[in-house]
Amino acid sequence: MKKILWLFLTLIVTFVLSFCLPDEKSDVNTIAFYNVENLFDYHDDPEANDDDFLPGGKYHWTQKRYEKKLKQIATVMSKLGDHDGPELLGLAEIENSHVLKDLINVSASSDIYGFIHQESCDNRGIDVALLYKKKSFKPLSHKLYSPKSMEGVKSGLRELLLVKGILNKDTTYLLINHWTSRRTGVEKSERKRLIMGMLVRELCDSLFKINKDSEIIVMGDFNDTPHDPSIVEVIMAKGDAEKMGEEDLFNGFGNFDALKIGSTKYGKNWLTFDQIMMSKAFYKQHYKKGSSEIYHPEWMHYKSNLMNGPYRTFSGSKYQENGFSDHFPVFINFK
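Residue numbers (the UniProt record's numbering): 1 to 335.
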């Protein structure tokens with residue numbers, strides 16, 4: 001009888017503790033970046049080059065298709081991190097503030113998330129932005145920075161968004177990027193990305209002059225891999241933390257095997273264009289080592305006899321209702 005009573009009490013205590021004890025993952029926080037591929041609304045904006053994304057445009061972009069795209073992106077967003085979405089989420093290829101509001105509303109997160117966005121001069125009408133959890137991040141200031149024009153390169157490169165805020169009690173700087181694509185060819189477009197790299201390095205240097213222990217996060221779709229000169233030589237981002245100088249950055253995606261997976265795909269080749277880098281101070285104080293990941297569950301892949309890659313909204317001009325983007329999101333965890 002005593003054994004039965006003891007067993008019964010043990011079960012009760014175990015049951016109660018399972019609810020009372022904190023989850024061992026509860027201290028995991030997430031910073032993510034996602035190129036959402038042409039997140040346009042379906043309204044005409046005379047100031048933007050959005051004609052293809054209108055009901056009568058090339059992609060027949062209707063309210064129904066727009067709302068479906070929002071739901072798809074919101075689904076991905078909710079899966080990033082351990083707390084129903086990341087603490088910080090950098091975005092690329094969003095049209096305006098209106099789509100950010102709609103995205104937050106669709107994800108039922110209007111009380112949880114705020115956003116930072118500023119209209120850029122991009123000729124495609126697409127911008128970068130930041131979503132943030134209000135309880136985790138307090139914005140202090142933000143500004144768009146334009147790269148300097150150089151000989152042989154026309155002006156009009158996309159601006160970089162710099163956000164300053166308080167992240168879990170520490171002043172943190174976020175640099176959100178979307179660099180020039182390789183559409184015109186790798187070599188032909190390379191100098192434009194080198195110029196953007198110079199801008200990133202210049203901003204980091206200015207922050208280090210203010211405080212050598214500045215906590216900096218550089219994220220974006222760089223359209224260059226972690227091993228290209230713009231990243232390694234210009235930004236000075238290392239994939240090996242042991243080789244970091246005091247003002248170098250650590251690239252959490254510097255050692256990814258692109259033969260197996262990347263954040264996007266061109267032809268048969270996986271490419272890790274989407275990356276998150278950080279200053280030495282952030283790496284030492286907050287980064288959870290080994291946590292850098294490309295989020296690519298099976299349901300985000302499009303598979304056929306011809307290809308396997310990110311399940312995008314359009315394949316050429318063919319609409320794919322259950323698609324997401326031509327990029328996978330990337331993320332890191334921090335404490």
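Check before you lean on any hint, since a few could be wrong.
[Unchecked claim] Below 35 Å or equal to it, Euclidean Cα-Cα: the simulated DSBU-like pairs (lysine-lysine) are: (1) K288 x K209; (2) K134 x K268; (3) K79 x K148; (4) K64 x K318; (5) K268 x K209; (6) K268 x K138.
[Stated by the list, open to error] Label-pair restraints from in silico Cβ distances: (7) G56 x I210: 33 to 41 Å; (8) P55 x E119: 22 to 30 Å; (9) N308 x N211: 42 to 50 Å; (10) G56 x S291: 16 to 24 Å; (11) N308 x Q63: 27 to 35 Å; (12) E321 x E119: 28 to 36 Å; (13) K268 x E321: 19 to 27 Å; (14) E242 x D45: 44 to 52 Å.
Keep in mind that the hints were calculated from the coordinates and are not lab data.
We put the CB at the ideal spot given by N, CA and C, even for glycine.
Now the hints, each set against the structure:
no. : hint                    : verdict
1   : K288 x K209             : 26 Å, holds
2   : K134 x K268             : 41 Å, violated
3   : K79 x K148              : 38 Å, violated
4   : K64 x K318              : 16 Å, holds
5   : K268 x K209             : 43 Å, violated
6   : K268 x K138             : 42 Å, violated
7   : G56 x I210: 33 to 41 Å  : 51 Å, violated
8   : P55 x E119: 22 to 30 Å  : 23 Å, holds
9   : N308 x N211: 42 to 50 Å : 45 Å, holds
10  : G56 x S291: 16 to 24 Å  : 45 Å, violated
11  : N308 x Q63: 27 to 35 Å  : 31 Å, holds
12  : E321 x E119: 28 to 36 Å : 30 Å, holds
13  : K268 x E321: 19 to 27 Å : 26 Å, holds
14  : E242 x D45: 44 to 52 Å  : 49 Å, holds
Checked against the numbered hints above, the structure breaks hints 2, 3, 5, 6, 7 and 10 and satisfies the rest.
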